[in-house]
Amino acid sequence: MNELNKFLKFAKDIVVKPDSDIENKIINKIKNLSDEDKAVLDDGFMDFLKKYNSRLYLFKKKLKENCGLIVLFSLLGIGTGVFLLIEYKNYRKKIKNK
Amino acid sequence: MINGNNSEKEKAIDDEKLVARSKNGDKTAFEILVRRYSKYVYTTAFFMMRDCHEAEDISQEVFVKVYLAIGGFRGLSSFKTWLRKLTVNTCIDKIRLKSKTADKKVSLDSMIEDGNDILLYEFNQNVEKYFQDKETVKEILKIIVNLDESYRIPLILRDLQDYSYIEISEILKKPVGTIKTNIHRARKIIKDLLSEKQ
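For the protein sequence lines, the chains are W and B, in the order given. So for the first sequence, my numbering puts the first residue at 1; every next one is plus one. So for the second sequence, my numbering puts the first residue at 1001; every next one is plus one.
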């Protein structure tokens, strides 16, 4: 499977050469846009645009995707906090005893 | 992916400038973006749709959308990420529409070899190994384009487009478990077919 992953990584870097001159076709299309072409800005696209312009949406998405990591860091943070608190209490006890 | 020699960081800065200029109505800047990313968009669409004409139509549609809506792009993610998500979304919409209207079977035998040249960047290896790897990557891609849609799309999104399992499950409206299983099966099919050929 490792070998396959290596080749799949390579596959990410490939570019398929189109049959026709796609760049100029796109540029010409954009130069000659009609009102009908504006239909591509449908509800689905507007929703996509709204989502990717929303910091809250992107933050929630990151949070969702890194759930495990967030839990791990939270536990580490709590653990460190508890450890420091115990150490601080011990230190204060020592000072009082002195 | 397109300009292999430039660092990602340099390219990202450049993209930002080009996007800003495009927002101000600079058509030349937008043309540079088209030239930089059209093959990338086409490649993504090609592997998802398995049809060069559809990939071409989708590429045009994606750039028309970008051109008409670039003023509303806030740049919270990189332009390339935004473009990639938009391409994938457009492809998914087309696939959904297609499966609703017609169950069209596409013959893909030797499509890659006959119809399209695949350009590969050098892998920083010795020449002999490079050609071996190139052939293996070609074999893998041929297997991928011939996979069943339920395996192909999740595998492409995960392994070629770097989507997370959660994102794929949201896009395809399927449980994460199903997505993971299908990707695992797809990889196993590729592995088995590759070892059969070797």
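The reader is advised that the hints may include incorrect statements.
[To be verified] In silico DSS-like cross-links for lysine-lysine, where the CA-CA straight-line distance does not exceed 27 Å: (1) W:64 with W:51; (2) B:1180 with B:1098; (3) W:38 with B:1023; (4) W:25 with W:6; (5) W:6 with B:1039; (6) B:1080 with W:9; (7) B:1039 with W:17; (8) B:1191 with B:1138.
Keep in mind that the hints were calculated from the coordinates and are not lab data.
Each hint, compared with the structure:
no.	hint	result
1	W:64 with W:51	15 Å, holds
2	B:1180 with B:1098	24 Å, holds
3	W:38 with B:1023	17 Å, holds
4	W:25 with W:6	35 Å, violated
5	W:6 with B:1039	23 Å, holds
6	B:1080 with W:9	18 Å, holds
7	B:1039 with W:17	7 Å, holds
8	B:1191 with B:1138	14 Å, holds
Checked against the numbered hints given earlier, this structure breaks only hint 4.
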